[in-house]
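Enquirer: Chain by chain, the residues:
2 protein chains.
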Amino acid sequence: MPTTASSSRIPSRTPARRDLAQAPLLVAARGGRPSRLPVWFMRQAGRSLPEYRALREGVPMLKSCFDPEMLAEITVQPVRRHGVDGAVLYSDIVVPLYAAGVDIDIVPGTGPVVASPVRTAQDVAALPSLHPEQVSAVADGVRLLVDRLGETPLIGFAGAPFTLASYLIEGGPSRTYEHTKALMHSDPELWHALAGKLADLALAFLRVQLDAGADAVQLFDSWAGALTLREYREFVLPHSAKVFAGIEDYGVPRIHFGVGTGELLTALRDAGADVVGVDWRIPLDEAVRRLTAAGEPAPAVQGNLDPALLGASWPVIEAEVRRIAAEGRAAAGHIFNLGHGVLPGTDPAVLTRVVDLVHELEP
Amino acid sequence: MPTTASSSRIPSRTPARRDLAQAPLLVAARGGRPSRLPVWFMRQAGRSLPEYRALREGVPMLKSCFDPEMLAEITVQPVRRHGVDGAVLYSDIVVPLYAAGVDIDIVPGTGPVVASPVRTAQDVAALPSLHPEQVSAVADGVRLLVDRLGETPLIGFAGAPFTLASYLIEGGPSRTYEHTKALMHSDPELWHALAGKLADLALAFLRVQLDAGADAVQLFDSWAGALTLREYREFVLPHSAKVFAGIEDYGVPRIHFGVGTGELLTALRDAGADVVGVDWRIPLDEAVRRLTAAGEPAPAVQGNLDPALLGASWPVIEAEVRRIAAEGRAAAGHIFNLGHGVLPGTDPAVLTRVVDLVHELEP
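In order, the protein sequence lines correspond to chains A and B. Just so we're aligned, residue 1 is where the first sequence starts under this note's numbering, counting upward by one. Just so we're aligned, residue 364 is where the second sequence starts under this note's numbering, counting upward by one.
In isolation and in its complexed conformation, chain A is listed as follows (with noise of 0.2 Å):
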């Protein structure tokens, strides 16, 4: 069911999932030592590329994100580019809502801009569902992405609960997420209400891509970083511990994420992530530690050059692949990325060389 781009070869049905057993990225997400370390970047399909901002002239964010050819075509460019070891599904955390009805836009420079921030239970009560035909274009991208990527597996992508929260109650971007704190403390009832309807809407929204066959999902909590562990539990993991349940039964990968979320990591992976993500501010290793801490098995790792070093020297850069590298041997399993998503003003030949490092070394 295209909705824009009619002229697409679209699979008409919900193709089998591939059998992408060996890929490394899958490999690494289970635990396993692939025949290459893989490697992708978060926000790898955007900016930095010239061909995406060719793509994308004229046409908005948000336009972009339902045109099931061009956001194919997006997704696939990092791959044809880099040789990157995974898709990840062009898309933004506000889609599904935006989708849902919600009045959201993504202004250039600013981020995601809420007409009307979430405060009161007559905002929740009014929140409305997410129902898998609202976003049937992100669907047929996603079978014309199975259909040609080919060995490379696609990972889908969803905001979670607390971040899209916080997009909501806040208005926008936020440095302090002072209104969305303040809620979930004075009015617990209201919080879990509205992070359980944001639950449901990302859980409908992963449920819709993994249908169409992506091979793995990633679960941004961006912003997590900004709570404290015991706020994480109490407010945070029931919801976003819902959203990995709610897919446990197409037995893929399962990744979780937010920046500065050192203090977090235990808390993330008690969510029901088969990886966590972690971020430049601690080494993978050290990771490894708090994760095991309590006697746990070693998990597998996601991560974690700091994109600002990306502008660096190359041996600088080649130095920090290394280490990270060195590192993530820790873990059961190393799927190699950035610590954050790719800034834009980064020289995409400085990714492809990354990645071509990547893969001499050992996995």
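Honestly, the hints are just simulated from the structure, not real lab data.
Computed Cβ-Cβ distance ranges for the label pairs, DEER-style: (1) A:Glu296 with B:Gly614: 44 to 50 Å; (2) B:Ala384 with A:Ala326: 48 to 54 Å; (3) A:Gly58 with B:Glu681: 50 to 56 Å; (4) A:Ala125 with B:Pro491: 57 to 63 Å; (5) A:Arg323 with B:Thr655: 26 to 32 Å; (6) A:Ala193 with B:Ala656: 40 to 46 Å; (7) B:Thr655 with A:Pro188: 31 to 37 Å; (8) A:Ser116 with B:Arg652: 41 to 47 Å; (9) A:Arg233 with B:Gly708: 26 to 32 Å; (10) B:Pro491 with A:Ala241: 51 to 57 Å.
Please read all numbers here as calculations on a predicted model, not as lab measurements. A virtual CB, placed ideally from N, CA and C, is assigned to each residue, including glycine.
Could you slot chain B onto chain A? The hints should help.
Expert: Structure of chain B alone, referenced to chain A:
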């Protein structure tokens, strides 16, 4: 030598340092048990107070920082209103840069903006030094304060070399510090030259405040939490250590603070701090555990109520204050504070209530 407030009654010479040996803030900072649990708030002098907004009406930020009478009055306002145990000099971390002749302004809603970012050897060489007479207005303000504050200690302050460098290199506030980190790693010699000059600048600014009678100082490395421990120790610690060492002869407590520095606490202490500021992300008893992990004596700490929670209901705030005071007893001394600055929308009545509650608690 008043520069703008000629009608002010400014003591004409440096007063002898006041004897405030029993002031709770100074006792706690030295690791003793004060008569009551001392409390002050970062950014207490500023935007949350209507009397501040009235006084600043039509006066640009950087002008107000060079008006002795105005900066003294703004510094006293929160002491008068809340009964806090310390006054923190009303100033800004870019004040010494501006005074030295750097083309920098504070743009409302944005923050410091630098006309020409500092990124080359020429830029660094051209960076001026600070001469004490360039901040004589601040010294005059400090002398007024020493005269007016009675038994309340005055906390002087300066921005730390890394945070100052980040503004100069990025050209303004940043979320990524990409140019700063790239320069630091790619041209360490240039980085150290810049950070060394900024250490001299911060040191000169603090010595002016101490010569005029400040009773303690806080070095703000607000954004150091964006760095790894390795980066901090190699690129930042030597320069902040130079600042702390350079004021050791005054014998006043030295507080060191940055946001999101849970991974850096030992390094912040090792730079020469007597008191380590902690944000809300880790409990104070956990901070003390980290600071004593290698057998070091228990430190004095400052913190760590999340400023965002001042917008929650009073029972939430009360429970947080009691928890933090209890956790702070693990330290040799505890100065109650927020985990970052007062947010502009904070109800000042809530701050007063927090002070009253803290003063009821066992120190």
